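Trainee: Sequences are here, hints too, so could you generate the full structure?
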Amino acid sequence: GAGVSQSPSNKVTEKGKDVELRCDPISGHTALYWYRQRLGQGLEFLIYFQGNSAPDKSGLPSDRFSAERTGESVSTLTIQRTQQEDSAVYLCASSLGANGQARYEQYFGPGTRLTVT
Amino acid sequence: AQSVTQPDIHITVSEGASLELRCNYSYGATPYLFWYVQSPGQGLQLLLKYFSGDTLVQGIKGFEAEFKRSQSSFNLRKPSVHWSDAAEYFCAVVPNTGNQFYFGTGTSLTVIP
Numbered sequence: 001g002a003g004v005s006q007s008p009s010n011k012v013t014e015k016g017k018d019v020e021l022r023c024d025p026i027s028g029h030t031a032l033y034w035y036r037q038r039l040g041q042g043l044e045f046l047i048y049f050q051g052n053s054a055p056d057k058s059g060l061p062s063d064r065f066s067a068e069r070t071g072e073s074v075s076t077l078t079i080q081r082t083q084q085e086d087s088a089v090y091l092c093a094s095s096l097g098a099n100g101q102a103r104y105e106q107y108f109g110p111g112t113r114l115t116v117t
Numbered sequence: 001a002q003s004v005t006q007p008d009i010h011i012t013v014s015e016g017a018s019l020e021l022r023c024n025y026s027y028g029a030t031p032y033l034f035w036y037v038q039s040p041g042q043g044l045q046l047l048l049k050y051f052s053g054d055t056l057v058q059g060i061k062g063f064e065a066e067f068k069r070s071q072s073s074f075n076l077r078k079p080s081v082h083w084s085d086a087a088e089y090f091c092a093v094v095p096n097t098g099n100q101f102y103f104g105t106g107t108s109l110t111v112i113p
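Here the protein sequences come in this chain order: X and Z. Counting from 1, one number per residue, gives the positions in the first sequence under this note's numbering. Counting from 1, one number per residue, gives the positions in the second sequence under this note's numbering.
I should point out that these hints are in silico values taken from the structure, not numbers from a laboratory. Check each hint, because a few of them may be wrong.
Calculated Cβ distances over 12 angstroms to all of chain X for the following chain Z residues [claimed, not checked]:
#  : residue
1  : S26
2  : A29
3  : F34
4  : G41
5  : G62
6  : E64
7  : E66
8  : K68
9  : R69
10 : V94
11 : N96
Chain Z regions said to be covered by chain X (calculated; three or more residues, Cβ under 8 angstroms) [what the hints assert, rightly or not]:
#  : segment
12 : 43-56
13 : 82-89
Please read these numbers as outputs of a predicted model, since none were measured by experiment. Even glycine gets a Cβ: it sits at the ideal position worked out from N, Cα and C.
Mentor: This is the structure:
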């Protein structure tokens with residue numbers, strides 16, 4: 001697996017339920033980003049992980065959103081008590097390196113399409 | 001606050017014609033600048049990037065972009081469009097000391113034979 005993978009590819013959930021989205025970054029990539037893309041919109045930054053440093057959570061829209069990453073491996077984005085406005089495609093990206101320009105060269109996964117009914 | 005504007009929501013060009021997609025950003029200093037392409041059913045792919053130096057940058061698939069500091073613009077160009085270029089194109093910026101990327105709302109490109 002050379003690329004970033006995300007699961008599930010599609011998720012339909014009822015309003016009020018919790019959901020967990022998973023991202024497997026490219027092996028060796030220390031940086032990991034989560035984004036939300038609403039229909040017809042650009043990407044909204046949610047959170048950034050770099051190695052074992054404290055994540056940059058400045059983009060999380062509410063305390064219903066949280067994300068975890070252990071070391072430089074898999075990350076999960078959790079949305080609690082989902083609302084209809086959470087319906088979107090959630091994209092994960094990884095990049096190589098903590099310093100220099102390489103950390104900005106993101107490789108994106110295919111995304112998880114979340115529909116809240 | 002930073003912002004990225006892509007004024008053209010949708011563009012239609014004939015195959016073989018030239019293309020220019022506009023991108024303007026609002027930021028106090030020169031950020032790092034990127035163009036991504038999102039094809040139907042595909043993930044986002046980096047087309048090209050600008051960090052510093054030569055203001056005309058070359059990317060993949062025959063695309064280029066020019067950074068114009070005075071206009072806060074980073075327009076994407078291609079001299080001759082191919083039908084396979086039909087996709088959604090996103091401009092993005094990140095402050096050169098930050099982590100948060102700011103994306104434009106995208107320009108949808110249709111290519112007609």
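Trainee: Of the hints stated earlier, which fail here?
Mentor: Of the numbered hints, 3, 4, 10, 11 and 13 do not hold.
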